[in-house]
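Enquirer: Sequence:
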Amino acid sequence: MRVLLAGVVAALALAAPSAWADVAVTGAVTKPLALTPAALAAEPLVSLHVAFATSHGDEAADYAGVPLWTVLQRAGLVDGQAKGAHLRHGILVTGADGYGVLLAIGELDPEFAGKQVILAVKRDGQPLAGDEGVRLVVPGDKRGGRSVRHVVKIEVE
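According to mature numbering (1 follows the signal peptide of the UniProt record, and there is no 0), the stretch in the sequence shown is residues -21 to -1, 1 to 136, in order.
Hints are all accurate, no fakes.
Have a look at the derived ranges for each label pair, beta carbon to beta carbon:
{"no.": "1", "residue 1": "62", "residue 2": "32", "range": "33 to 41 angstroms"}
{"no.": "2", "residue 1": "92", "residue 2": "26", "range": "13 to 21 angstroms"}
{"no.": "3", "residue 1": "9", "residue 2": "32", "range": "37 to 45 angstroms"}
{"no.": "4", "residue 1": "124", "residue 2": "1", "range": "23 to 31 angstroms"}
{"no.": "5", "residue 1": "109", "residue 2": "62", "range": "40 to 48 angstroms"}
Here are the simulated EDC-like cross-link-like pairs (lysine to aspartate or glutamate), alpha carbons at most 20 angstroms apart as the crow flies:
{"no.": "6", "residue 1": "101", "residue 2": "41"}
{"no.": "7", "residue 1": "62", "residue 2": "136"}
{"no.": "8", "residue 1": "132", "residue 2": "111"}
{"no.": "9", "residue 1": "10", "residue 2": "134"}
{"no.": "10", "residue 1": "101", "residue 2": "1"}
{"no.": "11", "residue 1": "94", "residue 2": "134"}
{"no.": "12", "residue 1": "132", "residue 2": "86"}
{"no.": "13", "residue 1": "62", "residue 2": "86"}
{"no.": "14", "residue 1": "132", "residue 2": "110"}
{"no.": "15", "residue 1": "101", "residue 2": "111"}
{"no.": "16", "residue 1": "94", "residue 2": "120"}
{"no.": "17", "residue 1": "62", "residue 2": "90"}
{"no.": "18", "residue 1": "121", "residue 2": "37"}
{"no.": "19", "residue 1": "101", "residue 2": "38"}
{"no.": "20", "residue 1": "121", "residue 2": "86"}
{"no.": "21", "residue 1": "132", "residue 2": "22"}
{"no.": "22", "residue 1": "10", "residue 2": "88"}
{"no.": "23", "residue 1": "121", "residue 2": "41"}
{"no.": "24", "residue 1": "132", "residue 2": "76"}
{"no.": "25", "residue 1": "132", "residue 2": "1"}
By construction, these hints were calculated from the structure, which means they are not laboratory data.
Just so you know, these numbers come straight off a predicted model, no measurement behind them.
Even glycine gets a Cβ: it sits at the ideal position worked out from N, Cα and C.
With the hints as extra help, turn the sequences into a complete structure.
Expert: Shown next as structure tokens:
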């Protein structure tokens, strides 16, 4: 019985990404995207260690995911002709519960801050739990307020 239960739990853990919502990339992009969690998990992943404070205490973990900058480059930013036009963009990342955070494009652009902000699909080497879904992870933040769970929309403004 324990072996059967362990097998069911393992199967559910491996199947978690398919239960997550797709991530829509919209707004000021030349090619809107609909990214499935399985497609994100199949991409080359970047790993990073983050530690931050939450309302439930300190959290530290190793996350792996696709750089948000890579996703934005694939979608293609719509830029004007003015000098530094792409720096006027903001990136609104929203979770399934409506929680959203705004990032400046300069935080992500390798020519400026170049933060390795990722859409995480793994935590500590394992697929993220079903209650997290695809998760935005922003390294360097002291608090975890910009760590959006169950990301469903990335809107370029």
